[in-house]
Amino acid sequence: MIPQQPVYLEDKVDEIRQSGRLDYRSQALPTWCPGCGYYSVTEGLANALNDLQIEKENTVVVSGIGCASRFPFFMDTYGFHTLHGRALPVATGIKVANEKLTVVAIGGDGDGFAIGGGHIPHAARRNVDITYILFDNGIYGLTKGQVSPTSAIGFKTSTSPFENRDAPLNPLLMLLSYGASWVGQTYAGWPHHLAGLVQQALEHPGFSYLHVLSPCVTFDKTDRTYQNLDLTVRELDSDHDSSDLALAMQAASDTRSPALGLYYTSQRETLGQALDQVALRAGAGG
Amino acid sequence: MAYDTDIQISICGSAGDGTIAVGDIFKRAMAHIGYRVIAFDQYPAEIRGFGKCIARTRVATSRVYSMKGYSDVLVSLNDLHAIPHVGEVRNYGALIYDSAPMSAVAEGAHISGHLKPGHIPYALPMREVSELATGANRSRNFVALGFVAGLYQLPQDAFHHAIAAKFESKAAAVTKSALAAFDSGFEAGAASYQFDDVRIDAPRGRKSTHEARMMTGNGAIVQGCLDAGIETFFGYPITPATGIMEHLAVEMPRHGGRLVQTEDEIAAISAAIGAGYAGSRAATATSGPGLSLMTEMMGLGVMAEVPVVIFVSQRGGPSTGLPTKTEQSDLNLAVWGGHGDARRIVLAPTNVEGCRRCAGRAFEIAEQFQVPVIVLVDLYLSNRYETVFLQDENEFLPKNWKPATTPGAGYRRYELTTDGVSPRCIPGEAGGIHTATGLEHDEYGNPSDNSGTHSLMTQKRHEKLQAAIKHPGINFTKRFGDSGKVEVGLLTWGSSFGEALEAMLLAQQEGIRCAAMKVVMLSPFPVRSVLRFYKDCQQILVPELNYTGQFAKLLTSEIALPVTRISHATGAPLDVANLVEAIRRAARKHRRRHNAA
Amino acid sequence: MPSSTHHVVLGNGIAGNHAASVIREREPDSRITIVSAGALLFYNRYDLPNVFRGRQHWVDYLVHPPEYYESRNITLRRKTQVTELDTRTQTLSLAHRETLHYDKLLIATGGHAYIPERLLDYTKLMLGFHNFIVAMQAQKSVRKGGTVIMLGGDVMGIDLARTVIATGHRVILVLDSRTFWPHEVTPSERVKYLQALTNMGVEVQDSGRVERIEMISGTGSARRVFLENGEHIRGDVVMPFYGLVPTVDFLATSGIDMERGILVNPQLQTVRDNIWAAGDVCQIWSAKHNAYRFFYGYRNVKAMGEVAAHNMTGKKATFTSTVSEELVINRDGTLYSPYWEYD
Ligand SMILES: Cc1cc2nc3c(=O)[nH]c(=O)nc-3n(C[C@H](O)[C@H](O)[C@H](O)COP(=O)(O)OP(=O)(O)OC[C@H]3O[C@@H](n4cnc5c(N)ncnc54)[C@H](O)[C@@H]3O)c2cc1C
Ligand SMILES: Cc1ncc(C[n+]2csc(CCOP(=O)(O)OP(=O)(O)O)c2C)c(N)n1
Ligand code: SF4
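As given, the protein sequences belong to chains A, B and C, one line each in that order.
Here the first sequence is numbered in numbering that gives the first Met the number 0, starting from 0 and rising by one per residue.
Here the second sequence is numbered in numbering that gives the first Met the number 0, starting from 0 and rising by one per residue.
Here the third sequence is numbered in numbering that gives the first Met the number 0, starting from 0 and rising by one per residue.
Calculated from the structure, these hints are not laboratory results.
Heads up, the beta-carbon is just placed ideally off N, CA and C, and yes, glycines get one too.
Among the clues, some could well be false.
[Unchecked claim] Subject to a maximum C-alpha distance of 30 angstroms in a straight line, what follows is the list of computed DSSO-like cross-link-like pairs (lysine-lysine):
| hint | chain 1 | residue 1 | chain 2 | residue 2 |
| --- | --- | --- | --- | --- |
| 1 | B | LYS484 | B | LYS552 |
| 2 | B | LYS115 | B | LYS324 |
| 3 | A | LYS55 | B | LYS398 |
| 4 | C | LYS287 | C | LYS315 |
| 5 | C | LYS287 | C | LYS314 |
| 6 | B | LYS324 | B | LYS51 |
| 7 | B | LYS115 | C | LYS301 |
| 8 | B | LYS398 | B | LYS534 |
| 9 | B | LYS115 | A | LYS99 |
[Said to hold, decoys possible] Calculated Cβ distances over 12 angstroms to all of chain B for the following chain A residues:
| hint | residue |
| --- | --- |
| 10 | ASP10 |
| 11 | SER159 |
| 12 | PHE161 |
| 13 | LEU172 |
| 14 | GLY195 |
| 15 | GLN199 |
| 16 | LEU246 |
The following block holds chain A by itself, in its conformation from the complex:
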């Protein structure tokens, strides 16, 4: 997926301007470290929104706290940079208040699976019609390099100086078992794949979870680096059936060579539809 042909900067800038996707980017310069995997997600989301022709004033990007969660500042959409771990419930509130909005929740692995871990199952089971993009760098970036719930065993950080001994979570397996109706995985090093999946996730009616493997170039020099990920990631089997939950779980269990792509998707009542049903039963307006 690495581009084969040389790319000239002017051509690229021109192409980007014309595409309109720059409209979705704010003028604030990202505060991320150069090379951080998060850039590609910004790009990917802008692309997808543009391609889907979703008005930026009808888009809200909601984040928690962390490097990843800085995301809303770099988009020219409505944004809510909330609290550490609370992106999902805030996003849920926004969606419940206004179903017309496209709501994207963003956060890191600490934000989502440590402090905010209690919210994920509930967003998933309620099938809130939002997209949750989780940037998994296996480390706490913003607080400068501590161990995270997805850090590998043996990983050394400032708070695991004698190597991490806590087993990492398997986010994909969790989300599949929580009942998320759309679960996919991508990699910051494959920006086109990433952009494609972001778009699919946005199009899915219901709760879509996109797991992004993303290196922290500053605090992780040994584990989840571009070099290591480039060698281990692969695409999901071409005959993968994304309507088969058991198959998806099986694929998610392979953590040694993470597969990228759409693991699972299904259609069921969203929270918004459920609330409309409640209103009907209650005899709304009567």
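Position chains B and C with the ligands relative to chain A; hints supplied.
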């Protein structure tokens, strides 16, 4: 001489006796007849088993403000539970009990052996009467209710209506046997010679043009929410706030609102803030433990200037504390809780009607000042019933916030304006795009740790709230009693104000010049009017239901003047008689000093 | 004597209350319980005719205020009907299915109106005068200037008749062998006393005994009384005054010796060491009469309470009556009974 009816009747039984049910019918029937009613039920903490239930109802021809410290009538449906409460009945008051218990009782276990000489006993074979009337002993409670109605010659049809309404959704046989039991009890009561001196005269005067309704504090909060057009609610069950969510869960979907039970209180306040950010009238409700969890997110609401309403009904604390007992010990948390300089608005209604008003106004105030608003009540107010006269249902203003004058490129979400309130846009408005954040930020909302920005923004967030003290349609302080200089002044808040007012009225009857002020807005603090009151009083007493004197401390920190604390932390409401004694003592002290001078 | 002795006094009348107060004086620490079938505190039944004079609040008849019992630490159990006495286990069974243990028991349950057997079918058509409620009912039943028909005419009835007449009503008295009960009168005295009754304004009806009583429909308590000779009279209310019978039904299985009342020695002790009796309920051995006999009236009954209390608290005392048992004709020709005296 015009006689003011003012009696309190308590029905005491065990869970399963139908104590609360007949208490409910009694108060509804009395309200329907036209009395002013206040009622407060006490439930067992445990759900199963045979815990104690007491339904206390105060019935009066003119307005009353609290429960009485004693009862005029006590009905026992379970002697073991009722015996400890015999002492709350006054001399020449009535005790009504079952003289035909199911099985033999041990010596000392029947209530008749515990009556004081001044009590009037009414031994009613409730079980036998119930069996005769309905074929089963289950309707003892209705026999007892009927007896009360018959003894005091209350209109039978008002009770028939209330019973029929109560069992509307049940099988017809249920209503039938309840009515049969009630009528048999009524007959027995009417045939009994009334030895007690409890008088329930017909309500006098003109009926209010507004319909009288029986409502709890929680019910009134719900009514306020609905009248204000609440759109979204997110909550997590916790006693004593659960009733708010349960009631809204029925009502909101009918009125186009949406309600979600979240996974915890953090999610509840988060979602409510998300919804508030998105422009809806959003609220949550909780008690102390939940409020503790919500404080961080409330800080975000303050920082990002998001309107949201948080209903908090206090119970005994700390920790899980006394879930079914009342206390006013979350004032500190409500007013100050959380990190940073995070002033929010805290309203504490003092009665059921106030619950509705504060609830409705809270949405307006939250929107107008772009800030979380806490409406702080306690279990006693949440659960106590009062007759309320609902005024115009649409008195609360529809959503109306300062719109952006120059949306578009130059739009500044946190513009520094003279009143501190910035133009607000919500998602969906093309020119208003911005990112709200909990980081300190500049006028555009961009993160900034510039020291000048921080001090200007902190000031803006505080100063904008000052104008809330003048928000129309609600009294944030109100003075009662003697005007001008007085010997003793009572300053208090929340549910305790009812007892304070009753005590003040009694002290006035004893010739003590006395006044009482309720403080409904706790944050920002209405310093001026409180100071004015303070200056009129020789002595200031501050009664409240907590150990540390949280309101007294708030008061002294705001006005920097000494007060006398009357702290009471037993899990029960204040005792009016004790309060009157405190007033007397204060008045004596003042007079001694006065005479010495 | 252990201070925790539980003295149970059965009966909330003159005998019981006086006994309780004497026991308390003598034993400040013992436990005292008065048991009463009625709802009210001890009140003065001798005063009840005053309901006809408009004294209609029961509190006005109270002998002691509630505080009296509280300050003396005397437990008063009202609406508590004793159904059985078990002397072996020293327990009283109460109608509401509770029991009450005693160490020492004084039975002072008094008496209730005697109704001749032939009139038992008409009990519901008559109104007694034995307690406050009934007294109020009686008063309410009589119209202004209306008529009270008294049957029998014991001294309680004659006492009431005085007030009824004084308040502007008629009293028709249907004579019986028990007229003037409990005074025993010779036939010649009887003629004198009947004249005295007439002097007092009582309309004496001597046309034979009552045969039956009928309700007059459309009225509350108005009745027609048919006499043996076929005549009938009409009254607003019919009240039986045939004297009292002791209240002892609950003692049937107790093994306490009884004739009509409870048999006691002059120390008022029953056959059981720890059970005494006083008041209208007991028959006291009288050496003079060589028989057990009743002593009525306030003074006698109060004295019995005192004697029993002394014996119950370890001081020997003996009952002797000082009350004259003779009816008297006043100078104005009216009748006077020493049993009417009370203080
Ligand atoms: C209306 C009235 C007027 C009278 N007027 C006169 C008069 O003018 N002159 C005169 O000489 N005499 C009069 N008498 C008779 C006089 O009352 C008695 O001599 C005297 O009151 C007897 O007192 P006592 O204490 O023995 O019993 P009482 O005063 O009769 O008291 C008996 C008590 O025993 C209680 N009791 C009875 N059975 C039970 C039970 N099973 N369980 C629990 N408690 C029980 C009753 O509740 C009552 O409290 C009158 C009596 C009455 C009823
Ligand atoms: C309640 C709370 N605790 C701790 C923090 C400090 N904190 C900020 S970000 C962060 C972890 C960030 O890690 P992650 O979520 O993985 O995001 P990344 O920075 O790696 O993108 C922590 C612990 C906080 N802001 N709030
Ligand atoms: S610290 Fe790591 S995660 Fe954070 S911006 Fe830098 S590279 Fe990215």
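Consistency of the hints with the structure:
A C-alpha spacing of about 24 angstroms is found between LYS484 of chain B and LYS552 of chain B, which places the hinted pair at or below 30 angstroms, so the restraint holds. A threshold of 30 angstroms between alpha carbons decides the hint, and for LYS115 of chain B with LYS324 of chain B the separation of about 28 angstroms falls inside it, so the pair holds. Of the pairs offered as hints, the one joining LYS55 of chain A and LYS398 of chain B holds, with about 24 angstroms between alpha carbons and a cut-off of 30 angstroms not exceeded. A threshold of 30 angstroms between alpha carbons decides the hint, and for LYS287 of chain C with LYS315 of chain C the separation of about 20 angstroms falls inside it, so the pair holds.
Restraint check for LYS287 of chain C and LYS314 of chain C: the C-alpha separation of about 24 angstroms stays at or below 30 angstroms, so the hint holds. The straight-line distance between the Cα atoms of LYS324 of chain B and LYS51 of chain B is roughly 13 angstroms, inside the 30 angstroms bound, and the hint therefore holds. With a C-alpha separation of about 25 angstroms, the suggested pair LYS115 of chain B and LYS301 of chain C falls inside the 30 angstroms cut-off, and the hint holds. For the hint linking LYS398 of chain B to LYS534 of chain B, the alpha-carbon distance of about 39 angstroms lies beyond 30 angstroms, and the restraint is violated.
The hinted pair formed by LYS115 of chain B and LYS99 of chain A fails the criterion: a straight-line CA distance of about 69 angstroms is larger than 30 angstroms. No beta-carbon of chain B comes within 12 angstroms of the beta-carbon of ASP10 of chain A; the shortest separation is about 29 angstroms. Listed as outside the interface, SER159 of chain A is consistent with that label: its C-beta sits roughly 26 angstroms from the nearest C-beta of chain B, beyond the 12 angstroms cut-off. Even its closest Cβ contact with chain B, about 32 angstroms, leaves PHE161 of chain A beyond 12 angstroms, as expected for a residue assigned away from the interface.
A cut-off of 12 angstroms between C-beta atoms confirms that LEU172 of chain A is not in contact with chain B; the least separation is 20 angstroms. No beta-carbon of chain B is positioned within 12 angstroms of the beta-carbon of GLY195 of chain A; the least distance is around 26 angstroms. Once the 12 angstroms rule is applied to beta carbons, GLN199 of chain A is consistent with being away from chain B; the minimum gap is 23 angstroms. The Cβ of LEU246 of chain A lies farther than 12 angstroms from every Cβ of chain B, with a closest approach of about 29 angstroms, so its non-interface assignment holds.
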